[in-house]
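Please build the complete structure, drawing on both the sequences and the hints.
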Amino acid sequence: MQELWEGLVQAVQLILSFDPEVIEISLRSLYVSAAAILIAALICIPIAGLIHFNDFRAKRVLINVIQTFYSLPTVVVGLFVFLFISRSGPLGGFQLMFTPGAIIIGQVILILPILTGMTISALSGVDRAIKDTALSMGASGGQAIWTIITEARFAVVGAVILGFGRAISEVGAAMMLGGNIRGFTRVLTTAISLETQKGELVLALALGIILIGIAMIVNVIVNILLQRY
Amino acid sequence: MSLGRGNPAKRVFLASVICIILALSMVVAGCAPAPAPKVTDNKSAQSNAFPVMPGIPRFRVATTTSLYDTGLWNYLQPMFEKKANVKLDIFYAGTGVALQYGQRGDVDAVVVHDPAAEAKFISDGYGINKRSFAFNHFLIAGPADDPVGIKGLPPDQAFKKIYDAGKADPTKVKFVSRGDNSGTQAKEKLIWQAAGFKYPDIEKAGAWYEETGQGMGPCLMMADQQGGYLLVDISTFMAYKGKIKIVSLVDQGDLFLNVYDAIAINPEKVTTVKMLPTANAFINWLMSDEVQNLISTYGVAEYGKPLFSSLKGGACTEAGCPKVEDYTTPIQ
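The listed protein sequences derive, respectively, from chains A and B. Residues 5 to 233 in my numbering are what the first sequence spells out, letter by letter. Residues 1442 to 1773 in my numbering are what the second sequence spells out, letter by letter.
The hints are simulated quantities; they were obtained by calculation from the structure and are not laboratory data. Glycine included, every Cβ here is placed at the ideal spot set by N, Cα and C. Mixed in with the good hints there might be a few duds.
To be verified - If you only want the chain B side, here are some residues facing chain A, beta carbon under 8 Å, derived:
(1) Asn1515
(2) Ile1531
(3) Phe1532
(4) Arg1545
(5) Asp1547
Claimed, not checked - If you anchor each label on the Cβ, the simulated ranges turn out as follows:
(6) Pro1771(B) / Phe98(A): 31 to 39 Å
(7) Tyr74(A) / Lys1523(B): 43 to 51 Å
(8) Lys63(A) / Lys1523(B): 54 to 62 Å
(9) Glu28(A) / Glu1731(B): 25 to 33 Å
(10) Leu20(A) / Gly1637(B): 53 to 61 Å
(11) Lys1686(B) / Ile216(A): 29 to 37 Å
(12) Tyr74(A) / Tyr1516(B): 41 to 49 Å
(13) Leu66(A) / Asp1642(B): 43 to 51 Å
(14) Glu1731(B) / Phe84(A): 40 to 48 Å
(15) Val13(A) / Gln1666(B): 23 to 31 Å
This is the structure:
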């Protein structure tokens, strides 16, 4: 109990002290995971739309496969990407190994299935009656789809937030692909892992609280934007 | 016109656009204060607009966890960066993994402590220009009440006693092993061998023998939590004082010497490695008076004595110490 309380106190102190290293690590976490979710969104949402708005034979199977990959372990993603981008791997020439770019690649792959699957669910969740109503009121096909998307926007943004959460909270890929280099690839989760390893449990806990704080701020901002538009 | 047919491309485009806008607004909101990573040095020929790509050459060293967990690299890193005008990236990994990074060309140099594995790494052609720069000793730590009674024994006899006690009652005795091909584990295997065991038998010996696959620090914490025994280097052990309750029980033995070596990766064998001159400068710097003096004082303020011993001036005199030329001859 004592340690938990100290962690909380130290987290507040860390935030208030504006420790440059903590700020840098936090911003890097945010930057890496935000880039990952942006890239993933650009890939997934069109794919999800394609799958949802088209009927084809293997649709159910495909969705099942996508949902299976929700449980993709982060270290497997790390290992997989590592084998590709390691200097002796097929993409070694890009020298991506142990850079923030490597972590972003790992996190994109990690959240692809979740974001695609959840977006499909979001679109499916819109009542069919809404589409029919839109069409019966003289909407074109495109306008009807627009209506569906507008209706589904909360659920789609929910999927994006979930993906962001998975990205910013994962440690396996970040550790394996970034290497936790101080001042270059160290993010909050790998810093927490390191501090735990060093026995600095209170500091580790404080960093964890900061991570949760960042997630909360992002959530609040997104929700405010969503309410407004 | 039904939604099932029509122009799919147009529909998908529409579907995508709004979602992407939503995603973007979130990213922009979340990302606004994040600055692009600092590019301090732009000597490299490649320039890159995408800030997450490597735009400057970074000199990479994989180092054993003990040197990292004790904070030594945090201390040395900025000094080398300033001196050599490069970015020094330090990874912590067990010796086995560090050598593998080297073999794959993911690092330019390694700092390790497993003489047998190093010899193979060099004879296979992956490593060149090996030099020693520091040493310390291992010890066997365990609970203060020492239920097995190994205090003061030679290391091999202590291991034998732990084995017997573990066999007798696996619930009462724990031995925490790195289990990660690190230099420490290599040393542990040597001690088991000296005690007359074959290592594969130890691995199967029962629940008392725990292979964690983790670094030195986590193993210390685990042994501490469980009141178990473990082999640990004295530097990491000292650096964790105050965080753990287990104590040093066996600290004398021929096998306990632990020498840290730096090895450059051979660009002729591992063709993707491009920074041999920096690697050589790095190794020479580790042998320099400047660093040797720092090593012999690092930790004194906090722990009362240095965490590591420098090799300077022939400080290492036991059997197994590196030859003088191995820690004094600069690489040309």
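Evaluation of the provided hints:
{"no.": "1", "hint": "Asn1515", "verdict": "holds, 7 Å"}
{"no.": "2", "hint": "Ile1531", "verdict": "holds, 7 Å"}
{"no.": "3", "hint": "Phe1532", "verdict": "holds, 5 Å"}
{"no.": "4", "hint": "Arg1545", "verdict": "holds, 5 Å"}
{"no.": "5", "hint": "Asp1547", "verdict": "holds, 5 Å"}
{"no.": "6", "hint": "Pro1771(B) / Phe98(A): 31 to 39 Å", "verdict": "holds, 35 Å"}
{"no.": "7", "hint": "Tyr74(A) / Lys1523(B): 43 to 51 Å", "verdict": "holds, 47 Å"}
{"no.": "8", "hint": "Lys63(A) / Lys1523(B): 54 to 62 Å", "verdict": "holds, 60 Å"}
{"no.": "9", "hint": "Glu28(A) / Glu1731(B): 25 to 33 Å", "verdict": "holds, 28 Å"}
{"no.": "10", "hint": "Leu20(A) / Gly1637(B): 53 to 61 Å", "verdict": "holds, 59 Å"}
{"no.": "11", "hint": "Lys1686(B) / Ile216(A): 29 to 37 Å", "verdict": "holds, 31 Å"}
{"no.": "12", "hint": "Tyr74(A) / Tyr1516(B): 41 to 49 Å", "verdict": "holds, 43 Å"}
{"no.": "13", "hint": "Leu66(A) / Asp1642(B): 43 to 51 Å", "verdict": "holds, 50 Å"}
{"no.": "14", "hint": "Glu1731(B) / Phe84(A): 40 to 48 Å", "verdict": "holds, 43 Å"}
{"no.": "15", "hint": "Val13(A) / Gln1666(B): 23 to 31 Å", "verdict": "holds, 24 Å"}
Going through the hint list in order, the structure satisfies each hint without exception.
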